[in-house]
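Residue numbers (the working numbering), protein chains in the order written: chain A, 2 to 279; chain B, 460 to 743; chain C, 3 to 252.
Hints should not be assumed to be uniformly reliable.
Unchecked claim - Think about it this way: if two alpha-carbon atoms lie no more than 25 Å apart in a straight line, the pair counts; the simulated DSS-like pairs of lysine-lysine are:
(1) B/Lys632 with A/Lys276
(2) C/Lys146 with A/Lys276
(3) A/Lys181 with C/Lys146
Since the hints were made in silico from the structure, they are not lab data.
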Amino acid sequence: MSRPLAAGSGAVALGVDAQFAQRRRRHGVQFAAFLAVMVLVAWSVEVTIIEDTDWERMGSPAQVLESAGRFARVDWALFPDLLEPALETFMIACLGTLLGALICIPVAWFGAMNITPFKPVTYPLARLLMTLSRSIHEIVWALFFVAVVGLGAMAGIFALAVRSVGFIAKMTSEAIEDIKPGPVEAIRAVGGNGFQVMLYAILPQVLPQILSVVVFEWEINIRRSAVLGLVGAGGLGLVFFRQMNTFNFPGVTAVLLAILAIILIGELVSHFARKSVI
Amino acid sequence: MKPDTDTPSGGGDALARDLHWRRYRFPDALYGYGAWIVVLSFLAFSVQYLEIPLGRIPDMFARMGAVLATRYYPPDLEYILDRDYMDYVVETIQMAYLGTLFGLLLSVPLGWFGAWNMTPSRRYVYPVARLVTMGFRAVHEMIFAILFVSILGYGMLAGVLALTFFCAGFAGKLFAEEIEAIDMGPVEAMRATGANLFQVMAFGVMPQVRVAFTGIGIYTWDVAFRAATVVGFVGAGGMGWYLKRNVLQIETERVAAILLSIVVLVLISEAVSAIARDRVMKMR
Amino acid sequence: MPILEVRDLCARYSSSDPEVLKNVSFDIEADDFFAIIGPSGSGKSTLIRCINRLVQPTSGSVRFYDREVTTLRGGQLRELRRDIGMIFQEFNLINRMSVMDNVLSGRLGYTGNLRTLFRAFPREDVRHALELLHRVGLQDHVDKRADELSGGQRQRVGIARALMQGPKLMLLDEPTSALDPKISREIMALIKTMAKEFGVPCLCNIHDVRLAMEFCNKIIGLQDGVKMFHGPTEQMDQAKLDQIYMMEVL
Numbered sequence: 002m003s004r005p006l007a008a009g010s011g012a013v014a015l016g017v018d019a020q021f022a023q024r025r026r027r028h029g030v031q032f033a034a035f036l037a038v039m040v041l042v043a044w045s046v047e048v049t050i051i052e053d054t055d056w057e058r059m060g061s062p063a064q065v066l067e068s069a070g071r072f073a074r075v076d077w078a079l080f081p082d083l084l085e086p087a088l089e090t091f092m093i094a095c096l097g098t099l100l101g102a103l104i105c106i107p108v109a110w111f112g113a114m115n116i117t118p119f120k121p122v123t124y125p126l127a128r129l130l131m132t133l134s135r136s137i138h139e140i141v142w143a144l145f146f147v148a149v150v151g152l153g154a155m156a157g158i159f160a161l162a163v164r165s166v167g168f169i170a171k172m173t174s175e176a177i178e179d180i181k182p183g184p185v186e187a188i189r190a191v192g193g194n195g196f197q198v199m200l201y202a203i204l205p206q207v208l209p210q211i212l213s214v215v216v217f218e219w220e221i222n223i224r225r226s227a228v229l230g231l232v233g234a235g236g237l238g239l240v241f242f243r244q245m246n247t248f249n250f251p252g253v254t255a256v257l258l259a260i261l262a263i264i265l266i267g268e269l270v271s272h273f274a275r276k277s278v279i
Numbered sequence: 460m461k462p463d464t465d466t467p468s469g470g471g472d473a474l475a476r477d478l479h480w481r482r483y484r485f486p487d488a489l490y491g492y493g494a495w496i497v498v499l500s501f502l503a504f505s506v507q508y509l510e511i512p513l514g515r516i517p518d519m520f521a522r523m524g525a526v527l528a529t530r531y532y533p534p535d536l537e538y539i540l541d542r543d544y545m546d547y548v549v550e551t552i553q554m555a556y557l558g559t560l561f562g563l564l565l566s567v568p569l570g571w572f573g574a575w576n577m578t579p580s581r582r583y584v585y586p587v588a589r590l591v592t593m594g595f596r597a598v599h600e601m602i603f604a605i606l607f608v609s610i611l612g613y614g615m616l617a618g619v620l621a622l623t624f625f626c627a628g629f630a631g632k633l634f635a636e637e638i639e640a641i642d643m644g645p646v647e648a649m650r651a652t653g654a655n656l657f658q659v660m661a662f663g664v665m666p667q668v669r670v671a672f673t674g675i676g677i678y679t680w681d682v683a684f685r686a687a688t689v690v691g692f693v694g695a696g697g698m699g700w701y702l703k704r705n706v707l708q709i710e711t712e713r714v715a716a717i718l719l720s721i722v723v724l725v726l727i728s729e730a731v732s733a734i735a736r737d738r739v740m741k742m743r
Numbered sequence: 003m004p005i006l007e008v009r010d011l012c013a014r015y016s017s018s019d020p021e022v023l024k025n026v027s028f029d030i031e032a033d034d035f036f037a038i039i040g041p042s043g044s045g046k047s048t049l050i051r052c053i054n055r056l057v058q059p060t061s062g063s064v065r066f067y068d069r070e071v072t073t074l075r076g077g078q079l080r081e082l083r084r085d086i087g088m089i090f091q092e093f094n095l096i097n098r099m100s101v102m103d104n105v106l107s108g109r110l111g112y113t114g115n116l117r118t119l120f121r122a123f124p125r126e127d128v129r130h131a132l133e134l135l136h137r138v139g140l141q142d143h144v145d146k147r148a149d150e151l152s153g154g155q156r157q158r159v160g161i162a163r164a165l166m167q168g169p170k171l172m173l174l175d176e177p178t179s180a181l182d183p184k185i186s187r188e189i190m191a192l193i194k195t196m197a198k199e200f201g202v203p204c205l206c207n208i209h210d211v212r213l214a215m216e217f218c219n220k221i222i223g224l225q226d227g228v229k230m231f232h233g234p235t236e237q238m239d240q241a242k243l244d245q246i247y248m249m250e251v252l
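Using the sequences provided together with the hints, build the complete structure.
Laid out in structure tokens, this is it:
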């Protein structure tokens, strides 16, 4: 590498050298970190995938492709039977989101620092509930509710409701914390009580955001709802499970297409609904 | 109506005319309220169709409490504190970060190609990238897991692949959105120097999105870890397998212990990510 | 008999903060248009808000129609606030709601929760709102969203809202600071005209001293929470102004 222009005094030359040395050091550190990560990854891959996989059962790449190919056809005859479960899945998603949004009303109220009733207790409580709701996978919630209320749509609805609370309440409480305090002052100055302050000063400011968040979560819940059937919560998931168990692979593909179809409907509705709300 | 100027009027006779005001205007009100009525009727119909016993719900809560207190308590902690289970936990963590890593690697090109402003070809590459990302996002990670288990057999390979595709879709969309939100100035500057597309990405785009990408990476890890704890349920490796076994055998106290361990692990992971995210935010 | 009697009012925001108001006392009569002037941070806003208890004074007394205000709670506090209208510097309208709904919100202190939920205000209220909107010149904007209006128009909605309460006193917190000079004058004139018409005394926190001298009949000058001047407008002169605003020059 040639020395750049203007050698000039010794001080400048020292600066250039020092610069290069520093860069080389930094690159050295970065490279070392990169190597470390590579080693970690290689070891992990070895320990998990390489050792754990039953390579013999899997067979050659050609056999793997053949396995995959079993899903390549679609059992069209199955579709009429998929309409009811699809509707069920869709409904479970809708009701679950609704219930979740209702539960969010107190949770978001407690979780908003500016309106929480008793900060040392209610605020951390709400935050904890939000975190729990988001941290536990919907399958785990579904298992829990199936154990408690039995198989069927109810378990799915509860699971989705509880799972959605985390996101909706978090976004809502953040929106509430961001409101302009002026209108709140104005309604208090007029002689309004807490309910009136909420309805006139707070709600109009946050409603568009809340609706947008609810619709967003509803769309994700459609995706989740299809899968909850795997653990007995009703809908397309159950059909999926049965088709897999009877090794009707084209049937599995048919169910997957149905799931994709309702997700697509959900995305379209969500897109237009969120546009019109904002 | 007479065009009044926008200054205070004397009042009086001008008033008598327009003291007539109605809140609900037709047809505007119709669309707004109409939409709500449709939504509410559908929900009511759903409750009916799915045969939800609304009346029995308070009952159910009481029963929930009873079931939890008797059959799920105390959780069988010994069961999870043993060596074999711990091995599975470590495996779960390894699956999670391998899936996140490979998924993120995949999602960088996906996000780049799926970004309207930086994609190499708007007619071919962009729609394909967007479609692929949407496809990965539409399929639930559990479904990926089941499919891979069916093709590749039980074990962590299926789990890692499922997580990889899931993360690729998840992060790919977020990356694309992040790239679309950048300031195009530095990009133009890079293009003006004659840099090729890759160099433009590296010097014009990456510095702007580096911090946001790190944040997205951490968020992806969070979600992936959560998923990794349960993919074992369908045989894709990790502690979920224990969950399935005990659910099938109705060993409820053990199930409680396993669920507890899952919750604790996820909370720890979230705490770590929160700290990491804080550091990243400070980097801004 | 004075409508409002303030005696030795003190206020501070928390026990560790310095006192914002120090023993301020004054009276307001039924036909007053009272101005509070002073440099920024002198406690003008706080003083105004102590009257309707948006800020809690730490000591002193405020008597409104011979009733002690500083100790009211709950329903009685709300009744007090019903009788005191307030106009804000930043208008504080409900932006997503219509002008009509904003003006009607002045009657919330008289409206039950159920009616509030459905926004079903009594016909009398609607009629009164329309009259007021006519008086302030906004009859053509009745159904527009509040955020579609200009600053001057929004403040006129604020005036209508305050008057909807049928108040016995009006508090004005720098009503023209967010408006340009020409509109400021129009708004002050409008407020004064309507206050006279409805017989409502006003206590006005104002930054522009010329406007204060032009529209108000009595002035209080605050500096650092302390009352430096208190008297009719005629008695205010440059020397006293300099004294009040001394800090500002520095």
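Hints, verified against the model:
1. B/Lys632 with A/Lys276: Roughly 19 Å separates the two Cα atoms, so the pair holds.
2. C/Lys146 with A/Lys276: Holds, at roughly 21 Å.
3. A/Lys181 with C/Lys146: holds (21 Å)
Violated hints: none; the structure is consistent with every hint.
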